[in-house]
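Enquirer: Going line by line, the protein sequences match chains P and Y.
Position 307 of the first sequence, counted from 1, bears residue number 307 in the numbering used here, the numbering being contiguous throughout.
Position 92 of the second sequence, counted from 1, bears residue number 92 in the numbering used here, the numbering being contiguous throughout.
Check each hint, because a few of them may be wrong.
Think about it this way: if two alpha-carbon atoms lie no more than 35 Å apart in a straight line, the pair counts; the simulated DSBU-like pairs of lysine-lysine are [to be verified]:
1. P:K440 <-> Y:K18
2. P:K339 <-> Y:K18
3. Y:K56 <-> P:K452
4. P:K186 <-> P:K104
5. Y:K18 <-> P:K452
6. P:K104 <-> P:K255
7. P:K452 <-> Y:K19
8. P:K237 <-> P:K98
9. P:K96 <-> P:K113
10. P:K440 <-> P:K123
11. Y:K56 <-> Y:K297
Hints were generated in silico from the structure; no laboratory data involved.
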Amino acid sequence: MRRALTLGTTILAAGLLTSVASADTYGPFPITEKSYSGDKTNSVSYTGQVARSVLLDSLKSLAGQANGGGNAAELKATMMKYYAGSDEDLPIVSHKSKDGFPIKQTTLHEISKGKNVSGKTYKGLVPGWPGNMTGGEVMEHLIHHASMSDGGFDAANGYDYGQLIQKFGLGAMAFNQAVDNYLDEKLGADNKPNNKPYSDGAAYTGKEHSWDEAFGYFGAPAHALNLEAKQAYNISKKKDLAAGDANGDGVIDLKTEMTFGGAYYAADADKSGTDYLPTITSAFIEGRKVISSADGAALTDAQRAQLVAYAETIETEWMKVLAEATFKYAGSVYADIEKIRADKNNVDPDLYRAYGKHWGELKGFAMAMQTGKDNIGGTAVRLNRLIGFSPVTLDESVVTGIDADGNFVRDAKMSWNAYQLNMLKVQDLMIKEFGVEARKNDATENLAELIKTLDTDSGGAETD
Amino acid sequence: MDFIDQILSLFSDFSNPKKRVFVGYLGLSVLIALVWSMVVHRTSLRAALGRIFDRKVFFSGSSFTDYKIFFINRVLMGFISPILLTQVAIATAVYMALVRSDLTLWGAYEEAPRALVVGLFSVAMFVSDDLTKYLMHRWMHRWPALWSIHKVHHSAETLTPITVYRVHPLEGVLYATRSAVAQGPVIAIFYYFFGQSVDLYTIVGVNILIFAFHVTGSNLRHSHIDIRYPRWMEHILISPAQHQLHHSIAEEHYDKNYGAALAVWDWLFGSLHVSEGQHDMAFGLDPCEESSATDLKTLYFAPIWEWRAQALGFARSVKARMSRASGKQSDSGWQEKAKRVE
Numbered sequence: 001m002r003r004a005l006t007l008g009t010t011i012l013a014a015g016l017l018t019s020v021a022s023a024d025t026y027g028p029f030p031i032t033e034k035s036y037s038g039d040k041t042n043s044v045s046y047t048g049q050v051a052r053s054v055l056l057d058s059l060k061s062l063a064g065q066a067n068g069g070g071n072a073a074e075l076k077a078t079m080m081k082y083y084a085g086s087d088e089d090l091p092i093v094s095h096k097s098k099d100g101f102p103i104k105q106t107t108l109h110e111i112s113k114g115k116n117v118s119g120k121t122y123k124g125l126v127p128g129w130p131g132n133m134t135g136g137e138v139m140e141h142l143i144h145h146a147s148m149s150d151g152g153f154d155a156a157n158g159y160d161y162g163q164l165i166q167k168f169g170l171g172a173m174a175f176n177q178a179v180d181n182y183l184d185e186k187l188g189a190d191n192k193p194n195n196k197p198y199s200d201g202a203a204y205t206g207k208e209h210s211w212d213e214a215f216g217y218f219g220a221p222a223h224a225l226n227l228e229a230k231q232a233y234n235i236s237k238k239k240d241l242a243a244g245d246a247n248g249d250g251v252i253d254l255k256t257e258m259t260f261g262g263a264y265y266a267a268d269a270d271k272s273g274t275d276y277l278p279t280i281t282s283a284f285i286e287g288r289k290v291i292s293s294a295d296g297a298a299l300t301d302a303q304r305a306q307l308v309a310y311a312e313t314i315e316t317e318w319m320k321v322l323a324e325a326t327f328k329y330a331g332s333v334y335a336d337i338e339k340i341r342a343d344k345n346n347v348d349p350d351l352y353r354a355y356g357k358h359w360g361e362l363k364g365f366a367m368a369m370q371t372g373k374d375n376i377g378g379t380a381v382r383l384n385r386l387i388g389f390s391p392v393t394l395d396e397s398v399v400t401g402i403d404a405d406g407n408f409v410r411d412a413k414m415s416w417n418a419y420q421l422n423m424l425k426v427q428d429l430m431i432k433e434f435g436v437e438a439r440k441n442d443a444t445e446n447l448a449e450l451i452k453t454l455d456t457d458s459g460g461a462e463t464d
Numbered sequence: 001m002d003f004i005d006q007i008l009s010l011f012s013d014f015s016n017p018k019k020r021v022f023v024g025y026l027g028l029s030v031l032i033a034l035v036w037s038m039v040v041h042r043t044s045l046r047a048a049l050g051r052i053f054d055r056k057v058f059f060s061g062s063s064f065t066d067y068k069i070f071f072i073n074r075v076l077m078g079f080i081s082p083i084l085l086t087q088v089a090i091a092t093a094v095y096m097a098l099v100r101s102d103l104t105l106w107g108a109y110e111e112a113p114r115a116l117v118v119g120l121f122s123v124a125m126f127v128s129d130d131l132t133k134y135l136m137h138r139w140m141h142r143w144p145a146l147w148s149i150h151k152v153h154h155s156a157e158t159l160t161p162i163t164v165y166r167v168h169p170l171e172g173v174l175y176a177t178r179s180a181v182a183q184g185p186v187i188a189i190f191y192y193f194f195g196q197s198v199d200l201y202t203i204v205g206v207n208i209l210i211f212a213f214h215v216t217g218s219n220l221r222h223s224h225i226d227i228r229y230p231r232w233m234e235h236i237l238i239s240p241a242q243h244q245l246h247h248s249i250a251e252e253h254y255d256k257n258y259g260a261a262l263a264v265w266d267w268l269f270g271s272l273h274v275s276e277g278q279h280d281m282a283f284g285l286d287p288c289e290e291s292s293a294t295d296l297k298t299l300y301f302a303p304i305w306e307w308r309a310q311a312l313g314f315a316r317s318v319k320a321r322m323s324r325a326s327g328k329q330s331d332s333g334w335q336e337k338a339k340r341v342e
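Turn these sequences into a full structure, and let the hints guide you.
Expert: What follows is the structure, given as structure tokens:
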């Protein structure tokens, strides 16, 4: 009897564990599309989004190959293939295997065919960049200048094009597509309904695939909920094979096991105590369960209301992730200027390069924040004015616009001091408007450090 | 080992130059007292030593109570140490308010001579600390609720350097918070204008002005050695005798000399009383204060009962006022009715 009881308990526990484990990952989810006649058993699919993340990251890597103009035409042509798409099977430039961290795919077609960045880039105006351009035009402008730069860097204007392209793209492509398309109009009752396949012959319904695509743009590994923030972060850094290799086949499958873009920055913030990655991933998984539970029938209003609530959580938290990154890099730029000002007539080139990199990340994220579903209005104006069109460059001039040929014009001066103060104000704005909590590179930490160093205890509690 | 460390940590103030009872300052205080007794009162070394280390003072019931309170509060205050956090929070809030303001002077004086910045900062920190000590101490005497807890300190009938620790724990918290509130904004303002060049002139890690206060006998304030300064100087610096007068039981000395290091605040706000050269002044409280020099239970709990009584008294007076006010209203209502009937 006792043995039977023990056995029963074990089976029950094992069953519970299995169900918990499967509930903790984004997929597999069953096929519910009634018209599907193939042999697939998993309805989850977001390889197109993974391919786009890889294209975007590859653009950043390619920018680094610019050699000061010598290979400009050729490099621009290559970069445009990654941006606008190509029939060729492009090699993956960004995520390559390294010792101890083998990656399963080496070319784009191994992930998905016929994908590009351009078709999914924000079509609205980007006020943070000179020239009154749309998101797509800004990307092409950046690619054009990147191809002529020196290793992706334009010292005269202080631009790190690789960083600008990638970070802006995280908003203009991934964030925008997810929150302003898949989690917005595609949640409508008549848009991509759940009682029809997403496209003829597909193994997934309209709603299933819309939701999957949004998750794909977020960039979390399917097993993100089983990971610590540091592990999720280190997968992207190619430092933790064991954490990434969920199926234990010894290689990282970019389709399901890599941490990309938004998820990577969520994990980065979470290392400082926030829980963006699990919150967003859970909302995605729970939402997907709601869709699966409809079993291929049209979603009821109540089910769609549930999805809208999850979508709101995703959008709010993702926006905070972008704000955290903006905060972090404003702090980096602040710290860089502190060092530059110590000897501003003889700035170390490496320091200036790092400053340009951090500024590119800051600017990219600040522009990314303005590509979401909601117009952030006055906050965007303040952010764009504080950060400007460029960092303060070595001669203390800043970019004020572009000429008719698209070249940058720097005809205003700004002191290092004033710009450093702006960075502090950017951080303040992120706290006030978005309630950022991780607060990496908090510039007021210098003040806290000073207070600790001063150790001004003057017998405060002594009473006369 | 941990236990021994914890016991030793109870005495850490004696080895910390930031604290008044640091052994170095105590030693110097003895030296100053010796010189004062032998030169001013022309006593022998033996008589001076006998006077300084008077058994009747150090072994009195009141002094033993000081020692007990020292230990009890050290243990209690071990749990209350987020003062540094408070200081950082206050400083950051003030700093960010300045950053957000229309004042465009962030780091404007960063290029100012470092010696000037450090000098100004050291003085500003000292002055703000001393002024807020004065104000807090004044309120401690003037506001009944605060006097209930500050009485614990004034119930001492003999004064020794350890009397500085004879305080109700709540007063300790208030004083430590005061320190954060006083210094946080000063640090923030200097950091806003002068940036990273902000620093203090220190000796053994202590603001040089506070160091000066301690090496010139701050410990003698709580002692029976009535060192006086010239009359003019007692308008600027509080002498030990002036502080002893503050502890005097005599009615004419009530609410005088609240100052810590500087006497200018007392002078400015009308609470200064220069020393009178009285020997063997009686310290402590009037019996009507219903405190005790030695009973720990009274010292720790009486303030709480007094607060309760004060709160009940306040509630009664509010109730009385409200009922008077509503009485008037109903009167006028009655008059209205009467008029209408007419």
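Enquirer: A separate judgement is required for each hint: does it hold in the structure or not?
Expert: Hints and how they fare:
{"no.": "1", "hint": "P:K440 <-> Y:K18", "verdict": "33 Å, holds"}
{"no.": "2", "hint": "P:K339 <-> Y:K18", "verdict": "33 Å, holds"}
{"no.": "3", "hint": "Y:K56 <-> P:K452", "verdict": "43 Å, violated"}
{"no.": "4", "hint": "P:K186 <-> P:K104", "verdict": "32 Å, holds"}
{"no.": "5", "hint": "Y:K18 <-> P:K452", "verdict": "14 Å, holds"}
{"no.": "6", "hint": "P:K104 <-> P:K255", "verdict": "9 Å, holds"}
{"no.": "7", "hint": "P:K452 <-> Y:K19", "verdict": "17 Å, holds"}
{"no.": "8", "hint": "P:K237 <-> P:K98", "verdict": "11 Å, holds"}
{"no.": "9", "hint": "P:K96 <-> P:K113", "verdict": "19 Å, holds"}
{"no.": "10", "hint": "P:K440 <-> P:K123", "verdict": "31 Å, holds"}
{"no.": "11", "hint": "Y:K56 <-> Y:K297", "verdict": "24 Å, holds"}
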